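If you want the building blocks of each chain, they are given just below.
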Amino acid sequence: MLLIYCPYCEEERSELEFRQAGDAHIARPTNITELTDEEFEAFFFLRDNVKGLTYERWRHLNGCGRFFNAARDTVSDKFVTTYKAGLPKPDISTLRPATEATVETYEATESNAK
Amino acid sequence: MRKYSVFAVAREAMRGHRGWEAQWTSPEPRKEYDVIIIGAGGHGLGTAYYLAKEHGITNIAVLEKGWLGGGNTGRNTTIIRSNYLYDESAGIYDHALKLWDNLSQDLNYNVMYSARGVMMLSHNIHDQQVFKRHIHANRLNGIDNEWLTPEQAKEFCPPLDISRTARYPINGAALQRRGGTARHDAVAWGYARAAADRGVHIIQNCEVTGLRRHANGAIAGVETNRGYIGAKKVGVVAAGHTSVLMEMADVRMPLVSYPLQALVSEPVKPIFPCVVMSNTVHAYISQSDKGELVIGAGTDQYSSYSQTGGLQIITHTLDAICELFPIFRRMKMMRSWGGIVDVTPDRSPILAKTPVPGLYVNCGWGTGGFKATPGSANVFAHTIANDAPHRINAPFTLERFRTGRLIDEAAAAAVAH
Chain B
7 MLLIYCPYCE EERSELEFRQ AGDAHIARPT NITELTDEEF EAFFFLRDNV
57 KGLTYERWRH LNGCGRFFNA ARDTVSDKFV TTYKAGLPKP DISTLRPATE
107 ATVETYEATE SNAK
Chain R
3 MRKYSVFAVA REAMRGHRGW EAQWTSPEPR KEYDVIIIGA GGHGLGTAYY
53 LAKEHGITNI AVLEKGWLGG GNTGRNTTII RSNYLYDESA GIYDHALKLW
103 DNLSQDLNYN VMYSARGVMM LSHNIHDQQV FKRHIHANRL NGIDNEWLTP
153 EQAKEFCPPL DISRTARYPI NGAALQRRGG TARHDAVAWG YARAAADRGV
203 HIIQNCEVTG LRRHANGAIA GVETNRGYIG AKKVGVVAAG HTSVLMEMAD
253 VRMPLVSYPL QALVSEPVKP IFPCVVMSNT VHAYISQSDK GELVIGAGTD
303 QYSSYSQTGG LQIITHTLDA ICELFPIFRR MKMMRSWGGI VDVTPDRSPI
353 LAKTPVPGLY VNCGWGTGGF KATPGSANVF AHTIANDAPH RINAPFTLER
403 FRTGRLIDEA AAAAVAH
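Protein chains in written order, with the working numbering: chain B, 7 to 120; chain R, 3 to 419.
Misleading hints may appear alongside valid ones.
[To be verified] If you want the footprint, here are the derived chain R segments under chain B, 3+ residues with CB under 8 Å:
| hint | segment |
| --- | --- |
| 1 | 5–12 |
| 2 | 44–57 |
| 3 | 294–305 |
[Claimed, not checked] Using C-beta positions, here's what the derived DEER-type ranges look like:
| hint | chain 1 | residue 1 | chain 2 | residue 2 | range |
| --- | --- | --- | --- | --- | --- |
| 4 | B | Thr-39 | R | Ile-329 | 38 to 44 Å |
| 5 | B | Ala-48 | R | Tyr-170 | 38 to 44 Å |
| 6 | R | Asp-103 | B | Leu-22 | 55 to 61 Å |
| 7 | R | Val-270 | B | Phe-50 | 37 to 43 Å |
| 8 | B | Ala-33 | R | Arg-135 | 37 to 43 Å |
| 9 | B | Met-7 | R | Gly-144 | 54 to 60 Å |
| 10 | R | His-318 | B | Glu-40 | 41 to 47 Å |
| 11 | B | Leu-22 | R | Asp-36 | 39 to 45 Å |
Please keep in mind that the hints were generated in silico from the structure rather than gathered at the bench. If you're wondering where the values come from, they're calculated on a predicted model, not measured in any experiment. Every residue gets a Cβ at the ideal spot worked out from N, C-alpha and C, and that includes glycine.
Take the sequences, apply the hints, and build the full model.
Here it is in structure tokens:
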């Protein structure tokens, strides 16, 4: 089970208290009635579904209830960092050692565990 | 290819089993193929098989990043059914179910399809209304599905606890008698053997790293870790990794990838005669021919490519199993694993042409693709061969997310997403 750091509660809590809430840093359209079908599709249905480092919104549902953003590796499930909603994307290169390769398998994840 | 038969078994028994040949060969890739299929799971291998058998195209390669059948084909709970709500879904899943019937004979390979019945438990009045609606819709589409009282459900599946005091009381069940299970590995192996026999190249440990295109945008071939391979047409059948591959052709997909887990118990003597699913408390269970209870859990709450999954997800499912079937409370679980499933917004698959000429995609099967393997492969082969969809998969386009003609099976899927 993952421990996730809530930037509002300022402590690590069990993953059970959190819910993923989609991609972060999306500018939602303010003129939704004027969008073409292509634009609406791109906003509403299409996803990058990134393999590797992704920026996403999470909600501390069974805690403070607030939304925050996280940078997470979707292959290892490792949270690189979490930060408050509204803040710009953090500079990941300062937080993550560049040498650490992402791992593909459960077995590799296990043997990598520190 | 030497046919498998009772005579072959007898002959080899006399000769110390020295005459069995390899089920498929592993040739060096050619410079170019008419069709390249990316992904050697059941759907991909089946597509190659039907292209060769029904459309006369044999210059085909099936490329696989890992080993054959090592993705979701080898990681699912092997449940087969076709009792979906909408006409479009009923069409494609029942097409598959009809092909399952004769698949072993067709492939000359025992896929161990067993129509032992799939029973979906109803726990409350809402379940009952939804299931009865499904039953009526299924009957209009000529698909068998019937309502059982709790007593009839108990008769069909004796280990079931239908007592009033049960933690999850049961007020009935929907039963599709033609539903059942099949041996998942044998499906991949059987299609691989039959396809290879017709000249299809199956190339394992060959990861696609890029899609090359002509100046006019049409597909030219694939870059792999074993070099460039040209292709007139490319079919992407890569389940959870579809988004990654389609991004190489600049196509954004309406997909999110999640881990989905399953687990098996220690093997025991035959105790469980059918497949039982409960959407409401989230459990699926059947018994394999080896004797293991095969149990399916839900998807994780967050997207991931990790091929593992949270322990709390499978313990949640085991809680439900132990309440529904108290006799299993002291069973030991032997293995658990995860696969990466690609989920669409309407929980229906995409089998279609793409905006890139010569590039086709078969994806979005989410948590329930195994049951559709033969039907999906069959109509996808038609789509590639004719550059136009089969009548059955015509509604399962990529464009439906623009036009709004969704096939909203969220309620019919086994998983309460």
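Now the hints, each set against the structure:
1. 5–12: Check failed, 0 qualifying residues.
2. 44–57: Contact hint for the segment 44–57 of chain R vs chain B: violated, 0 residues under 8 Å.
3. 294–305: holds (count 3)
4. Thr-39/B x Ile-329/R: 38 to 44 Å: violated (58 Å)
5. Ala-48/B x Tyr-170/R: 38 to 44 Å: For Ala-48/B and Tyr-170/R the Cβ distance comes to about 42 Å; the hint holds.
6. Asp-103/R x Leu-22/B: 55 to 61 Å: Cβ of Asp-103/R to Cβ of Leu-22/B: about 44 Å, so the range 55 to 61 Å is violated.
7. Val-270/R x Phe-50/B: 37 to 43 Å: For Val-270/R and Phe-50/B the Cβ distance comes to about 48 Å; the hint is violated.
8. Ala-33/B x Arg-135/R: 37 to 43 Å: holds (40 Å)
9. Met-7/B x Gly-144/R: 54 to 60 Å: violated (47 Å)
10. His-318/R x Glu-40/B: 41 to 47 Å: holds (44 Å)
11. Leu-22/B x Asp-36/R: 39 to 45 Å: Cβ of Leu-22/B to Cβ of Asp-36/R: about 51 Å, so the range 39 to 45 Å is violated.
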